[in-house]
Amino acid sequence: MKYSSQAVAKPYFIAAIALFVGQIVFGLIMGLQYVIGDFLFPYLPFNIARLVHTNLLIVWILFGFMGAAYYLIPEEAERELYSPKLAIALFWAFLVTGVLTILGYLFISYAKLAEVTGNQFWPTMGREFLEQPLITKMGIVIVVLGFIFNLLMTVLQGRKTAINTVFLTGFIGLAALFLFAFYNPHNLVLDKFYWWWVVHLWVEGTWELILGAMFAFVTLKLTGVDRDVVEKWLYLIVGTALMSGIIGIGHHYFWIGPPAYWQWWGSLFSAFEPIPFFLMILFAFYMVNHRRHQHPNQVATLWLLGTAVMSFLGAGVWGFLQTLAPVNYYTHGTQVTAAHGHLSFYGAYAMIVLTMISYAMPKLQGREANSNKAQVTEMWSFWLMTVSMVFITLFLTAAGIVQVYLQRATDTPLPYMTVQDKIAVFYWMREGAALIFTIGVVVYLISFFVDKKERVTT
Amino acid sequence: MAEIVTKSMAKGLYYGGSLFFILVFLGLTFHTISLAIPTRDHRDQLNPAVVAGKLVWEKYDCIGCHTLIGEGAYFAPELGNVYKRRGGEFVKAWIQGQPTHVTGRRQMPQLNLTEEELNDLVEFLKWSSEVNTENWPPNVEG
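In order, the protein sequences belong to chains A and B. Going by the numbering used here, the first sequence opens with residue 1, and the numbers climb by one from there. Going by the numbering used here, the second sequence opens with residue 1001, and the numbers climb by one from there.
Each hint should be verified, as a subset may be incorrect.
What the hints assert, rightly or not - Taking lysine to any residue pairs in the SDA-like style, the calculated list, with each CA pair at most 20 Å apart, reads: (1) LYS112(A) x LEU1113(B); (2) LYS137(A) x PHE180(A); (3) LYS112(A) x GLU1116(B); (4) LYS1092(B) x LEU190(A); (5) LYS1011(B) x ASP228(A); (6) LYS192(A) x ASN1135(B); (7) LYS221(A) x SER5(A); (8) LYS192(A) x LEU1046(B); (9) LYS1084(B) x PHE1021(B); (10) LYS1011(B) x ILE172(A); (11) LYS1011(B) x THR165(A); (12) LYS422(A) x ARG1105(B); (13) LYS1126(B) x PRO1038(B); (14) LYS112(A) x GLN1110(B); (15) LYS1011(B) x VAL155(A); (16) LYS112(A) x GLN1096(B); (17) LYS192(A) x ASP1044(B); (18) LYS1126(B) x ASP191(A); (19) LYS422(A) x TYR405(A); (20) LYS160(A) x LYS1011(B); (21) LYS160(A) x MET1009(B); (22) LYS192(A) x ALA1052(B); (23) LYS192(A) x LEU1035(B); (24) LYS1126(B) x VAL1091(B); (25) LYS1126(B) x LEU190(A); (26) LYS192(A) x VAL1051(B); (27) LYS1007(B) x GLY224(A); (28) LYS192(A) x PRO1038(B); (29) LYS192(A) x SER1129(B); (30) LYS10(A) x LYS453(A); (31) LYS160(A) x GLY1012(B); (32) LYS112(A) x PRO1109(B); (33) LYS112(A) x ALA89(A); (34) LYS192(A) x GLU1134(B); (35) LYS1007(B) x ASP226(A); (36) LYS192(A) x ARG1105(B); (37) LYS1084(B) x PRO413(A); (38) LYS363(A) x HIS295(A).
It should be emphasised that the hints constitute simulated quantities derived from the structure, not laboratory data.
The whole structure should be built from the sequences, with the hints applied where relevant.
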């Protein structure tokens, strides 16, 4: 750790991990509700479990991004953070807002929560991923603006690099696009059209800038390769991501009301969306093979390479699998979509945050790397989580393909619930893989508590 | 291949390429929003009941289990075309009859909707089923 203010990253990383654990618990419950429909009913209806699962995901990834920023921006800007106090204040504001919102979901009915938070005066709730009450959405805006201000002041007074510029551009874009969460037209078609400006232009746009910058930073640190080479690759990755991803939004506009030409624009541009992820694989393996030094943190290198491979599979391959309009006509809104959602979020965003934590946490505790024993434990968690997520994805894909066949691509379509009963076996197997994933999470937590101090270098 | 592309070329690609496609996207958006969608969403039938029905849909987080024109959760049937599949009266009776309490079966909560909320919701689902979706879903089962 070069600058003492980088230490504010630590609570962000700890909160990210805690919320990640919560996300997995609710995921397990939902997985079981898919096969034992009345599990925990009426205490925890599926929709509540799902919105807790997805909102926790978004919030822990954001905590991870912010922690990453507080760690890497001072180091890149070569100066202390503008205001560590503001960073800590915003940490508590974000955590309290997040936890209170989750408790609201769990202990008040959703309709009641909408009423008491005044949703009738400015309706923004009840839309997928944007379920948060208005006051929570405003809280998120305040936290993100304060965060951007703090980092912008740091970078403006310090060194500007491709890494911190791309990172901040991503976060400013994220904040700007989130404003569409406050816009909810009466017309469902327009609502859906702009809803994607938040959802798609986050995960297939601005978040990819943040991902790319974090990826480049960790690569630079772990391999010691020339900065100019790393930054060139970063520009190529984020450049191809935006050039394909912005109009790639068209793959969401096929069937929800916009005109048919989006089937051409969306199919064509999203066919290029795997390119940045493929470049990331080339980049990562090339740099690791040409590294200038042997970094003692080997588990961070494993996470880094894993992120490249899994994001290519999850976002690139599984996305492409269903992105062409003639295919999407049948797969739209099936378990094939759920399969892609799981592998892409895990492979790209969960893994890059875990990569960053793996690299930065030892440094924050004054070590170059953890002990061999701690690293091996963490490597076990890497393989358990990653391999089981591949299986979750394969089982959901199988469920989705059979669902498409029985319900849609046939002359004798069966009703939705009849089909669900027939594919239950895949849901059981998915739940089995999810249990292995959970074991991986437990091993991950344990890795923080095994003796880490055998090797002290800093 | 590392030497063919220089850092400044890559930087130019990132800034120039992104800006170019943002502009193309804004152009397409303008056409879609102001010229194309108005001919496809039958907005003339967007009456107060439909607007109120959308709020009911949102207030009870229906999207948390169901899909609406393919978007949402995949735990319960597609509702974008439920009006065509089942009709309005069936939808109202179904919602009022929940939960089924069949052991092991997926359960929908009793939402205690008023008659007015039920009617508005059905109007919203009817309106949604008439959007031009390029013939999606492939058949009435959704």
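- Task: May I ask which of the numbered hints given earlier this structure violates, with the numbers listed in increasing order?
- Result: 4, 9, 33, 36
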